[in-house]
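**Student:** Here the protein sequences come in this chain order: Y and E.
The numbering used here numbers the first residue of the first sequence as -6 and each following residue consecutively.
The numbering used here numbers the first residue of the second sequence as 14 and each following residue consecutively.
Simulated from the structure, these hints should not be mistaken for lab results.
By construction, the Cβ of each residue, glycine as well, lies at the ideal position given by its N, Cα and C atoms.
Check before you lean on any hint, since a few could be wrong.
Calculated pairs, DSBU-like style, for lysine-lysine (alpha carbon to alpha carbon, straight line, at most 30 angstroms) [unchecked claim]:
no., chain 1, residue 1, chain 2, residue 2
1, E, K176, Y, K402
2, E, K69, E, K176
3, Y, K360, Y, K215
4, Y, K404, E, K130
5, Y, K402, E, K314
Residues from chain E that face chain Y, not an exhaustive set, calculated with beta carbons under 10 angstroms [unchecked claim]:
no., residue
6, H94
7, V101
8, Q124
9, R125
10, A150
11, V349
12, Y350
Residues per chain are reported as follows:
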Amino acid sequence: MTAVTDAPEATPAPPPAPATRHRRRLRVEPRYLILAVAAVIVAYLAIVPLGTMAVASLQSSFLGTGPVTWTFEHYVQTFTGAGFGSLVATSFEYAIAVAAAAVVVGFGLAWLVTRTNTPAKGFARVAALVPLIIPGILNTVAWALLFSPQTGPLNGVLRAAHLPVFDIYSLLGMIFVQTTHVTPVAYLMGVAAFTSMDSSLEEAALGSGARPARVFRTITLKLVRPAILSAALLMFIQTISTFEVPQLLGVPNHIFVFVSRMYEAIQSFPADYGTVAVIGIFVLFLAAVGLTVSRWVVRRSPTQTVTGKGFRPKVTDLGRWRWLGFAAFALFFVVTVVLPLAMLLWSSLLPTYSPPSVQALKTVSFKNYSTLFSSPSLLASVKNTAITALLAGVIVTVLTAIVAYITIKTKIRGRFLLDGLATVPIAVPSIVLGVGVLYWYLVAPLPFHLYGSLAILVIAFVTIGLPYGMRYIGPGLAQISDELEEAASASGAGWFHAFRRIYVPLLMPSLLAAFLYTTIVAFREISAAIFLYSQNTEVMSVQIYNLWSSGDYPVVAALGILMVVLLTIVVAIVRLIGGRVGLTEAR
Amino acid sequence: MIRLTGVVKQYVGRTSTGNAVDGIDIEVADGELVTLLGPSGCGKTTTLRLIAGLEKPNAGTITIDDQVVADPDGGVFLGAHRRPIGIVFQSYAIWPHMTVLENVMFPLRSQRPRSSKAVARTRAMEALDGVGLADFAQRPAPMLSGGQQQRVALARALVREPKVLLLDEPLSNLDAGLRDRMRDEIRAVQQRLGITTVFVTHDQDEALAVSDRVIVMDTGRIVESGLPQEIYAWPTAEFTARFLGVSNTMTGTVRSVSGDTVEISVAAGVLRCRACDGLSAGDGVSVFMRPESFRLSRRAKADTDWSGVIDFSIYQGDCWDYHVTLDSGESVKVRVYREKVGLSHGDQVYLEPDQDSALVMPESGFARRMTGEAAPRPVA
């Protein structure tokens, strides 16, 4: 209303004249203490692995025994090396295709669930979340088995229909598998965007004589465009730094992307840490550009849509088409859940792998599961996974809630830097983060050793989870009108009280989403963990990888099924709590 | 009592930096309802937020009930939660995750010392009863109508019996009928409780209706302040006159001053007004006339009547607004009450200006009254 509220950045008072400065009482409010601690932790987590990576890229032999010299030779070798151009091209083709497909499918399904009368919504909501409980490595393995050139049951079907078999060990295969893997994340972001959108804006368009299709195109899509772009960039960056799909499906046919090239370099002897770091920094640069664009788009769009005034998401009547919406869900569910899980379940029940057949059915047994439950090392990995994942989820949720508050609701100087720091880990491939964390804690001048403890895994998982926490909590917080906090403040509530009573409950959907997602990411995480585990701190994903390497598919499948069951329990609990708090649809 | 002395609030924009509030002095007496009236961007909401403690002033002091709550030079700043205030926002800011009762209980459960749950519940129910919403206590807050949310906001602001009530355009999101009812309700509650109140609005009717005193603001400064009837009848600044809907403006020259009467010649004819200090023959003046300060007739009654033709007419229910083009070419708006038939386009009419209600100002305008100088205002 006034000039101040119109001005985007009303800043606090300029420093007073020196003569009066000494009279100013320096009272540190607990609020600032909390904010400062969170800021320092985030800065530490974000900078240290990056710094280690940068140092490694500039040293002639990082952690080597010989004398260390500073050099650009890794950069020169990498960028001028044969095949770097095609590496970039392949990586982009792969990541852009995945991002586009995931966003179209994810936001489409999100719209169906939140804004239409598609039937069986309860099922639809759960169905779209269920793929989250299948770790990437299991998903990849399952699809590799399903489309196995000789014995894959789906290729068997194609053959029977006289169609050409699908080669899963190709770029298209990689894109397909990675898309099934990341689409649920795009879906969750879509749900958040559609739920918080003021539907009176759409109704205003309907009232202006626009047909529903036009309203969807000109209003709905335009309003969620910042969220769409933001999601697409996230998918792109995540795909570029995900390990298992390119490694398992690309490498056998010599299709290399950034991540698999880095892994190859680290596996070679002697390990080429310089090249790993150079490519890592290159990916970091790409991600930085992407995030800058995303920030620019979001800044140019109105964000405060949830006000204190009545907030009621409305639904569109799809008429007969709603059954088509339901069919879309069913198909999504079959592709992302039923097929991979069925494949894993089938494999877990056989002593040795063979395609589904009546003959094989006779050999079905629970032998793999009894092997699993009688092995102390396998059971220890289950415990380790539960501890690290839940702890990482809690820490990330608390940290990012505070950081998001600083960056969005305060005018403290340096808040944009903090936001940047919390988002930085998104650009650090888990492999690089794993290496960075590992070597930092090997050389760090600390009075205690974290290497070989579960703490080092938690640190890595928290760092990986930070940007995702920010992505869930940031937009949610931006949509809560400042006046809701101001009203609490004017009611006599101190900052902490207002934060706890106003922001926490209103943010509960975002907080739960952040916790849920971080926990699940940590549960499934392998790329960093593979460098950080030691004999007593193996997590489930590492166990699966080790067993897979030794060709023990049936036990891999059994352990995978157990992992899925545990993740299902986590998701179910959060959903149960989630249903009772936060904004519920007004009837 | 609220006292603002030399309060400045700077804003730093992308393209420009300036003062949203530019050195204002305001005093609101105990039990008084003062309105801050002005257009968008005049600094009235910022002033309210400064009183509330939602903004930090860059200079000046703010005192509530003899307690200094903001004084940047002395390093004093109490946040909103440590001031004895209740506030109603334009958007109401009803917490959507709580029921109506929980919203109203919140201040009692947040303040120090904190009220017990039982006490908070009883008092919140009393407050809701006071705004006629006791039956809605258990409803989720988003499921109320605008007027009901507004009442919840008022109950919430008053429930812990603050020293000061701050209202930020509380009526602007309501429809017309409801707005009048809520306005009367707010005034009734304010008088019953005798609570010191600052009311921010851009609507002159609202301001005149509820206030003990009106402060007119423009570009971060106070233009003038006074009783509603004074401000309405005898604004001393052109800005106020225009803002308060004195829609007919003419320029003229002083012909003669004799005793308490001054004669002005304007294009349409001669106008006799009450004299103001500091005018002498030959001075250029601006003349302001309200639409209701003309007597309109179909036949000329005196030579001094201004003749003209109806351009168009607007029927308002209790009155007609006629837009009349005078023979001199100027166009004036005339409001006529208690007329059933009405006139239409092209009808010849004669206007007799009401001598007492014309406002005369030197073209440069009077010195502002905020400085404390006696305004050159005729005493009615």
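**Student:** Determine for every hint whether it applies to the structure shown.
**Tutor:** Status of the hints after comparison with the structure:
1. E/K176 / Y/K402: The hint holds at about 28 angstroms.
2. E/K69 / E/K176: 20 angstroms, holds
3. Y/K360 / Y/K215: Not OK: Y/K360 and Y/K215 at ~55 angstroms, beyond 30 angstroms, violated.
4. Y/K404 / E/K130: Violated. Y/K404 to E/K130 sits at ~35 angstroms, over the 30 angstroms cutoff.
5. Y/K402 / E/K314: Since the Cα atoms of Y/K402 and E/K314 sit roughly 68 angstroms apart, the hinted pair is violated (cutoff 30 angstroms).
6. H94: OK, holds: E/H94 within 10 angstroms of chain Y, min 5 angstroms.
7. V101: 9 angstroms, holds
8. Q124: 4 angstroms, holds
9. R125: 7 angstroms, holds
10. A150: Status violated, d = 17 angstroms.
11. V349: Result: violated, 35 angstroms to nearest chain Y Cβ.
12. Y350: With a minimum Cβ separation of about 34 angstroms from chain Y (threshold 10 angstroms), the hint on E/Y350 is violated.
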